[in-house]
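Protein chains in written order, with our numbering: chain W, 12 to 347; chain B, 12 to 347.
These are calculated hints, taken from the structure and not from any lab test. Incorrect hints may appear among the rest.
It does not matter which identical chain is used: a pair holds within one copy or between any two.
To be verified - With a straight-line Cα cutoff of 30 angstroms, these simulated BS3-like cross-link-like pairs (lysine-lysine) come out:
(1) LYS256 <-> LYS176
(2) LYS255 <-> LYS57
(3) LYS263 <-> LYS126
(4) LYS129 <-> LYS196
(5) LYS48 <-> LYS263
(6) LYS146 <-> LYS263
(7) LYS209 <-> LYS176
(8) LYS338 <-> LYS86
The structure displayed is predicted, hence computed values, not measured ones.
Number of protein chains: 2
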Amino acid sequence: MRIIVDAFGGDNAPLEIIKGSLDAVKEYGVDITLVGKEDVIRKVCKEQGINPDTFEILNADDVITNDDNGSDVVKAKSQSSMAVGLKYLHDGGGDAFVSAGSSGAICVGATLIVKRIKGISRPGFAAVIPGAVSKFMLLDCGANLQCRPEMLRQFAVMGSVYMNKVMGIDNPRVGIANVGTEEHKGTELQQETYALLKNSSLNFIGYVEGRDIPADKCDVVVCDGFTGNMILKTYEGVAIALMKKFKGIFTKNLKNKLAASMVLKDVKVLKKDFDYGETGGAPILGVQKPVFKAHGDSDARSFKNAIGQTKQYLESGVIEIVTEKLKEIKAGEEND
Amino acid sequence: MRIIVDAFGGDNAPLEIIKGSLDAVKEYGVDITLVGKEDVIRKVCKEQGINPDTFEILNADDVITNDDNGSDVVKAKSQSSMAVGLKYLHDGGGDAFVSAGSSGAICVGATLIVKRIKGISRPGFAAVIPGAVSKFMLLDCGANLQCRPEMLRQFAVMGSVYMNKVMGIDNPRVGIANVGTEEHKGTELQQETYALLKNSSLNFIGYVEGRDIPADKCDVVVCDGFTGNMILKTYEGVAIALMKKFKGIFTKNLKNKLAASMVLKDVKVLKKDFDYGETGGAPILGVQKPVFKAHGDSDARSFKNAIGQTKQYLESGVIEIVTEKLKEIKAGEEND
């Protein structure tokens, strides 16, 4: 199994990406191709005492940044590490691709270079998020700001298969993010998606309000990419703000520091449980080969986790199952 | 100053509403009219040892619930405590109205019974939320699921005046909720609103991502009501989930309980700081008289705070200033 890694994606590239890749080779026994400026990669390896022959190195001179438009990945930045890596995946150079670079670019690149699964309208950016009890998937988180009901149905199918096969959840509960739980709530998008999912073979539980999203109401939350992005980032923002507040309390004075030392172990577990970094990132669902977005601020640990998730995604057969399910839906509609 | 109170709105009505109203009379020196089933109000007063003559009581036999459609407030439920109270406000029976009842109904009722300020397209549901550093306003939080840019501009004007006059913030910073901070990000709604606010006299700071919303990036966040509702409720949900997790740690064993006792005072302050209930609720901005939505789960303390906020709203002159600003905008456009 060979994972293609964008060595120049993310805030801490290439150093943390290379370190995380090395850890992944050791921990998961995968082969890794690092894509990016070869001379810089070799220099970093040398400085870190890493044997560069651990990896295959594929040169790419350019880098795509968050300031570029997503579509630049197939235009001005077609020689970027991300574009070259995705092309290498498409051409069979490796089995899956991971990048901590621009979310917009990776979604466009996955769609246009790796190509969609037959029948998928638009691939989705699918974040796996720690909830109060267990992890849940939120999609789309920003690949498609405006969506049609049919797209949300496809997100529901893909999210359900992923949570089952990769995250091991039996018969995942699927919900639609909405402003209320009664059937008449929301806009046409929510209402028409409701009708589609109600008549599906999914374990559909109806609408989910924002307040219940962290509260283990369902395993897959579907919504348009604008809403998903706002939920995802508000989620992160509130968790960060509250954790900082607690840190302030725990470091306020000697007495509080003593109290902190007594619960330190438990708080660390909580922090890890609620740490979005632990889940590694988000798969791009709906393309023909596994493409995985690691967090932009990935350090070596987080990036290694992303590679681990990508390996599971690849081994799980998600793409094959989704392809089959879409055929079934299409056949069902033709029989209607 | 007379505040009209919907005695039958919210999860804890009428008991907590009546108790909170009594506390408000004592603390703020306001006159209060309780609207609802008179016999029940008198019975509760008797049971609680409250002199019913503390209040004016206005009978209304019906109650609007969260299961009713918002528009029922002017249809099937026109004899509900909310509808009767809003009518009493419109007719000059009191100076402002507070209810912990259905958000949808109060928005419709405020618009159709109390009527809009001249020039306002649609009133907004404007929540005041505790952030990491200070409180900020998020609007619209659900009155208008789909919005036009002009509506968001009006929300920005109203939110800015409210945060200045009621919350005492000098030159409030206004931002648009969006998936990124670069000018080309988002949908037409965000981009066109950006163009309108850029050319306004507001202290416009551009787009605000979900992650930065709790982080004191701005004092007023404008968005459509669908997005605002998802942000608001996700915000609440994550805060509740994390607080519960900490409670679990603090009650886990004797050692942790001891640690908890050492930081209890500080955690209580934090809980209060982050408690949405402390802010009392959300004004409905854009109608001719102050209408205030208290939290659905208001207890006496939270409802008393809501009355306090309503008093400030009334005294601040927000409505008069907004009316003037709208005239200026209109005059400016006619000069263009």
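Consistency of the hints with the structure:
1. LYS256 <-> LYS176: between (37 angstroms within a copy, 28 angstroms between copies)
2. LYS255 <-> LYS57: Close neither inside one copy (37 angstroms) nor across copies (47 angstroms); limit 30 angstroms.
3. LYS263 <-> LYS126: neither (53 angstroms within a copy, 50 angstroms between copies)
4. LYS129 <-> LYS196: between (33 angstroms within a copy, 29 angstroms between copies)
5. LYS48 <-> LYS263: Neither. Shortest intra-copy (46 angstroms) and inter-copy (51 angstroms) distances fail the 30 angstroms Cα cut-off.
6. LYS146 <-> LYS263: Only across copies: LYS146 and LYS263 sit 23 angstroms apart there, 32 angstroms inside one copy, limit 30 angstroms.
7. LYS209 <-> LYS176: within (22 angstroms within a copy, 48 angstroms between copies)
8. LYS338 <-> LYS86: For LYS338 and LYS86, neither the intra-copy (33 angstroms) nor the inter-copy (47 angstroms) Cα distance is at most 30 angstroms.
Violated hints, listed in ascending order, are 2, 3, 5, 8; each of the other numbered hints is respected by the structure.
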